[in-house]
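Engineer: Below, each chain spelled out in residue letters.
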Amino acid sequence: MGKAFDPSLIVDFIPTLIYYLGVTLQILAASVLLGMVIGIAAAILRLFRIPVLNQLVILYISFIRGTPILIQLFLVFYGLPAILLFINIDISRMDALYFVIITYALSNGAHFAEIFRGAIKAVDYGQTEAAYSVGMNNSQSFFRIVLPQAIRIAFPNIANSIIGSLKDTSLAFTIGVMDMMGRGETLIAATAHALEVYLSLAVIYYAVVLVFEKIFRLYENRINRHQTVDVSVTG
Amino acid sequence: MTIDILFIWTAFKEIIKALPITLILTILPLLAGFIIGLAVALIRIYKVKFLCRVANGYVSFFRGTPIIMHIMLIYFGFPLLIDQISTKFDLGIQSNSIPIILFVLTALSLSAGAYLSEIFRSGIISVSNGQMEAAYSVGMNSFQAMTRIVLPQAIAQSIPNFTNIFIGFLHTSSIAFIVSQKEMTGAANIVASTNLKFLESFIAAGLIYWGLTIIAEGLSFLIEKKATAYNRGGVQ
Chain U
19 MGKAFDPSLI VDFIPTLIYY LGVTLQILAA SVLLGMVIGI AAAILRLFRI
69 PVLNQLVILY ISFIRGTPIL IQLFLVFYGL PAILLFINID ISRMDALYFV
119 IITYALSNGA HFAEIFRGAI KAVDYGQTEA AYSVGMNNSQ SFFRIVLPQA
169 IRIAFPNIAN SIIGSLKDTS LAFTIGVMDM MGRGETLIAA TAHALEVYLS
219 LAVIYYAVVL VFEKIFRLYE NRINRHQTVD VSVTG
Chain V
71 MTIDILFIWT AFKEIIKALP ITLILTILPL LAGFIIGLAV ALIRIYKVKF
121 LCRVANGYVS FFRGTPIIMH IMLIYFGFPL LIDQISTKFD LGIQSNSIPI
171 ILFVLTALSL SAGAYLSEIF RSGIISVSNG QMEAAYSVGM NSFQAMTRIV
221 LPQAIAQSIP NFTNIFIGFL HTSSIAFIVS QKEMTGAANI VASTNLKFLE
271 SFIAAGLIYW GLTIIAEGLS FLIEKKATAY NRGGVQ
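Just so you know, the sequences run in chain order U and V. Start counting the first sequence at 19; every next residue gets the next number (my numbering). Start counting the second sequence at 71; every next residue gets the next number (my numbering).
Here are some of the chain V residues that sit facing chain U, going by a computed Cβ distance under 10 Å:
{"#": "1", "residue": "S130"}
{"#": "2", "residue": "T135"}
{"#": "3", "residue": "I137"}
{"#": "4", "residue": "L143"}
{"#": "5", "residue": "Y145"}
{"#": "6", "residue": "G147"}
{"#": "7", "residue": "L150"}
{"#": "8", "residue": "E287"}
These are computed hints drawn from the structure, not numbers from a lab. Source: prediction; values computed, not measured. All C-beta atoms in this analysis are idealised placements derived from N, C-alpha and C, irrespective of residue type, glycine included.
Pulled out of the complex, with its shape left as it was, chain V reads as follows (with noise of 0.2 Å):
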């Protein structure tokens, strides 16, 4: 078994076709948790009576379990779910006519979703309370304080863990070819056993993630220290 340094370059231009699906699996999820997270941050916050404990509940069941359980959980429970519910409403909806990729983007959401609630507490918490009643104090409420003073603060305070956040997801995506999505692994592992060179395929893969992830990084850098220009000057 010799390494074959050309077919990395053909694996390379197979392997990146398949970015598209990569990227949407790793944005939408984040974007439907970064809503979710933010509603669980506030139900944590303020303490919500009784879906109080909900929350806190779903943030450490999943956080809790591997994603790829998630995964497995949502593909082979929605399914029947939905089949029972649609014979007994008799909706006609089958579930085998609904593409796979949503199950996985509903699990990997649910997933964000708990993880980002963390970092909105966090970058929330970390917000001092002075700058809640200084809002106050010139006549906002509670919802304007948030949404115009504290909730800026925090989420450039977080940003840094959102960079991981996204990364982590860009990784974790790569468990989306366990249930057959041609997603950048799913597209290295067909490249790899149709022409029997894995190694050189999962190099090829391996690299671009690689990319990707400086990319990220070297992005999140430029929002991060336009986000907190105005925390500049003084002692720090």
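The following block holds chain U by itself, in its conformation from the complex (with noise of 0.2 Å):
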């Protein structure tokens, strides 16, 4: 078995690894995708409270925010399919990827969300007034006025939820995904060099956050172009 501990092998380790980091970033891409679609939707039903949709969101939103992901993720994997089966759809036998990507997608519509729904209420409502008055309709002020400079607004807290999600993603390994952390504990079951593995985990995800901090941070300075300095500081 060698030595208790090698730390050559944390660069060996690093290609095997990181072969596998597609899997956590399509992980990762789906479930933000998705939970925009649904934060938008479940954002906008709490802002024109829609009778009984808006206690149903309120809801979703709390219990998101009131359990861990791990339980989300065992609810998820245990409980959709026995209540697909209600209806007939057998998806026990579904990849465990789906039940990971529909998982997040949903603890992250609970928390994009919130963060739209600020950010909407933060944009000035002389705005839409503004909108008005030069004879836009509702659906148009609300996308080409209100919808951009509440983006600008959420940016930096959606950009805080992805990371955050992205280390989320390593929890997936629990219902026998095999991402990157999934593929760290078949080598460790081959090699027993557990400490090694983990290190080489730890340095890619390291790695990863900081380039999307990276980039995030280009992104902001670039829809924040056109602020005057002062208004960028307090918003």
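Can you join these two chains into the complex? Each is in its own frame, and there are hints to help.
Structural biologist: Right under this line is the structure:
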């Protein structure tokens, strides 16, 4: 078995593990995109106070924010097949990857909904009035005037949420998904060098997070380029 | 597969017995993290030579990697380290006699320190500089001004952030089940696999976490109202 701790293995493991970064990013991308759709829909239901649905969305957001992602993962993994069996759809043999994407999409959706709601509320109502005054209708003023400004306000929080979600994907292996962490577990089983595997994983996650932070910062500067300095400080 | 509603209650009673361990895994790391976070935030604000770089690296790394990594690295790394030191100096300490929960607590404390330091930093920065100057003008020194004037305001303003961190770490403590700690998620897993009723057990566990979160949010609201009472009136 060799030495108990062999630093050179950390470097050796990185290529094997980084090959599975694609799966991790795939989970992230799919769940963020789905989460955006859920989040915008939920935020609109909340903002326009659609009866019944508004209360359901409040319950949904409270539940997602009130339970650990691990519990949500297990609930979707064991619960969704049970629910769908009532309408005679058997998904118990579906790839665990899809359960992970569904869970993270639901979780992101709740967080995004709160972020969007706050951001849309933060846009001055005078903007909507100004849009009406130049003859726009409801949806035009929302999509052309309010939403673009809300996205600018929401962006830093969305970015934080995405990075948090990336770190959360490291729990997907608990229901048997072969992402970076899952591959790490099999490497440990094969080589018994747990510490080195986790160190390589930490290096990869850290590097990916740093790259994401850099990209987000560049994009943030871009969407704020029309803002005068004092506004972007307070906004 | 049908859902056995009655079993949720049975599981609930079984899982809630593990509540103390979950609370230990939440509160102790936050208390340790409170001290680490405050120290790190002050080092970064006063830009202490050399230490400032270490602090920046620490915060960036711990916020940039998943918490499960910290638990795993310490869980596998510390025993090796302890055994090496022990054999070198003949201390006679064996790593396998140390309970696993200590490793988990260490890892969670270090993560909590990194997250809390950012909250302290933003809280301290948000207190206007005039407060510090006013404290100097009545003859306080830097330490007095910090502990009597700036920190109380910074902490009072950061209460919503502290609540978020508390809830975050309450949920994070569920990761400890992966290193076979019998906290609530671990207990739910045991109940689930011995009775082969996975869904019911995790529903019960989810309900407990949800209830705890709602209680924490309510308490935080009350504490915030009390702590920021000085800040009322005028235009606010």
